[in-house]
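Novice: Could you slot chain L onto chain A? The hints should help.
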Amino acid sequence: MPAFLLKRFLNAAGVMLAVAFLAFLSFRFVGDPVDLMLNEQASQQQRDELRAHLGLDKGFALQFATFVKNAAQGDFGISYRNQQDVFALISERFPATFELVLVATFLSLAIGIPLGVYTAIRRESLLAKALQFGSVLGVSLPSFALGIMLILVFSVTLQWLPAFGRGEVVKLGWWSTGFLTPSGRAALILPGITLSVFQVTLVMRLVRAEMLETMRTDFIRFARARGLPARSIHFGHALRNCLMPVITVTGLQIGNLIAFALVTETVFQWPGMGMLFVQAVTFVDIPVMAAYLIIVSFIFVALNTLVDLTYAWVDPRLREDALSGAANAR
Amino acid sequence: MPADTATTVTADAAPASGRIRRFLDSDIGWSFRKTPAAWISALVLTLLIVTAFLAPLIAAQNPYDLSQIFIDKAEIPPIWQEGGEWPFLLGTDPQGRDVLSAILYGSRISLIIGFAAVLVSMLIGVGVGLLAGFHGGRIDNLLMRLGDTVLSIPTLLMAILVSAVFRGLLPPELRDPFAAMVLVLAISLTNWVQYARVVRALTMVERRKEYVLAARIIHVPAARIMLRHILPNTLTPVLVSATLNLGLAILSEATLSFLGVGMPITQPSLGTLIRIGNQYLFSGSWWLVVFPSLQLGLIVLSVNLLGDWLRDALNPKLR
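First to last, the sequence lines map onto chains A and L.
Heads up, the first sequence is in this note's numbering, so the first residue is -5 and it goes up one at a time.
Heads up, the second sequence is in this note's numbering, so the first residue is 386 and it goes up one at a time.
Worth flagging that the hints you see were computed from the coordinates, not collected in a lab.
Fair warning: this is a prediction, and the values are worked out from it, not measured in the lab.
It is possible that part of the hints are untrue.
[Said to hold, decoys possible] According to the in silico footprint, chain L covers these stretches of chain A (three or more CB under 8 Å from chain L):
(1) 215 to 226
(2) 248 to 259
[To be verified] With beta-carbon atoms standing in for the labels, derived distance ranges:
(3) L:Leu531 with A:Leu131: 34 to 42 Å
(4) A:Gln39 with L:Leu559: 50 to 58 Å
(5) L:Asp697 with A:Gln67: 45 to 53 Å
(6) L:Arg418 with A:Arg116: 24 to 32 Å
(7) A:Phe100 with L:Asp410: 45 to 53 Å
(8) L:Leu531 with A:Ile72: 28 to 36 Å
(9) A:Leu4 with L:Pro556: 52 to 60 Å
(10) L:Asn526 with A:Phe100: 36 to 44 Å
Positions of the beta carbon are idealized from the N, C-alpha and C atoms, including for glycine.
So that you can see chain A by itself, here it is in the shape it has in the complex (with noise of 0.2 Å):
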């Protein structure tokens, strides 16, 4: 075991170093910081004042180091556009994002598990076929498109809920939440459903396929033997038997929510770090592009790693052979 720990935390350290060489060489080959940050007037002498206070002079692998030892303190510099510090920005939109994450999540698993198990013991209705059409027309519409659609329909239209914005924001310490004021509820709801749709094509499949597969187990034969009723059989003990890799699933798939919410906070000016990215990326700010990358980034790698490292505790077959490759659906 203490092999395999340490095989999976070198495996995981060595994917961040990957990233952050990556983020790096955007930052260093993408246009000239030195040009981006001081204007056109700028003197030869303040423009080498400024590249030798960013470090720029030094060689190349130096200027990685730099650049890793800072990041890995959360120092990730000043933001070209607006000249504040990266990384408080990027905390100030973090809580925006996770509960719009959040409410996806829940939405995907509240929904999503009750239409597959439908559609895995009814698998002939009429309604489970329409359901299975559903999933696939749920991840051909892109999120956006029918983020956009939910606009028009319930707030142009209709005017029932919020079109943008987080509503009223209560603040607890550094981290502000919506879930406290009803214009704040409101103004998830439509973000919320936008982001959970995909995910919950995703979990009623995954539900669909194990169910099918359970049920045809010796011990759901026994049940019904036994003469258990149909709903404690389905629920009680088939459905309990999926719930692993459902939520396995669900904790890899967090990783990949929170880079596509940036897709739903655009269409809805969701005040959320995935925003402050899609504007960074507009305006070629690359400090702010590279502490995203890496963020972003080392949330997914330390979900895989949890995922693969509980994997292996609890089933000892897993740590000879690592699982290799991540989940990753999309």
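Specialist: Same frame as chain A, now just chain L:
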């Protein structure tokens, strides 16, 4: 008499040429005819592709030729609504461009980028997979680690980053002409890994077989063994992945264009059209965003249905 019965089945369909008849008679063809989702989506997709590529011939105007656009025809609603006007079937935008024409031209761009991205990622993936699987050892380790790293970054993020970096490297006046190429690269560089994994696994199985050993004994060059002998035996799963990935590639392109890091307004794809329409969401011009979205959904849906069918039809376990 099996041949005779087979001909009577297809004879009433059409005087099909030999090749099409052979396709319809095969196992795959049979499954194709028996699955409505498959042939309906194939039909719809063909229709969408043909109309997109014939756009210059059938569209009411060339929406990007300024001499054909009249500003007094701006924001006309679709023809069935009050104020609708021939020939603007789906209405016009605030610059007086015909929405249907813009959709046809946009679909052509979306489809070309989607196909090109799948082709390029397939070429990269198959190449990497063959090399890794055939040589094994250190090359294999290096290439597959690279693939793991690519998969450790959420794909959307990776695509945005790659396209932002390439755009940043290009001088501003070249960004628009090369936008399509940058998109193809951004999507392919994030999607090649799964082809590589599939081809590598199959190559590792094939290279131990006798025909490969025989070829090696008579000193056939390694490149020739890989391309001529092993590659054809790995193509079926690659084609299935490619079909399923086409939908994904078209969606990725649309998402990047929607976010503003894709096709520019001067050569809009469907994603760009939705991005433009989104700006007029609250002015009541709903047709600017609804119709491009529907077209995009229809293209991806028919590709996905076709891909799902192909995967099931070629999976020997499900026969």
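Novice: Next, verify each hint and record whether it holds.
Specialist: Checked hints:
1. Remark: the region 215 to 226 of chain A is not confirmed as covered by chain L, as 0 of its residues place a Cβ nearer than 8 Å to a Cβ of that chain, below the required three.
2. Counting residues of the region 248 to 259 of chain A whose CB lies closer than 8 Å to any CB of chain L gives 7, which reaches the minimum of 3, so the coverage claim holds.
3. Against the hinted window of 34 to 42 Å, the Cβ-Cβ separation of Leu531 of chain L and Leu131 of chain A comes to about 35 Å, which satisfies the hint.
4. Between Gln39 of chain A and Leu559 of chain L the Cβ separation comes to about 33 Å, which falls outside the hinted range of 50 to 58 Å.
5. Distance hint check: the CB atoms of Asp697 of chain L and Gln67 of chain A are about 52 Å apart, consistent with the given range 45 to 53 Å.
6. Distance hint check: the CB atoms of Arg418 of chain L and Arg116 of chain A are about 28 Å apart, consistent with the given range 24 to 32 Å.
7. At about 51 Å, the CB distance of Phe100 of chain A to Asp410 of chain L agrees with the hint of 45 to 53 Å.
8. Between Leu531 of chain L and Ile72 of chain A the CB atoms are about 32 Å apart, so this pair conforms to the stated range of 28 to 36 Å.
9. At about 41 Å, the CB distance of Leu4 of chain A to Pro556 of chain L disagrees with the hint of 52 to 60 Å.
10. A C-beta distance of roughly 41 Å is found between Asn526 of chain L and Phe100 of chain A, which places it inside the suggested range of 36 to 44 Å.
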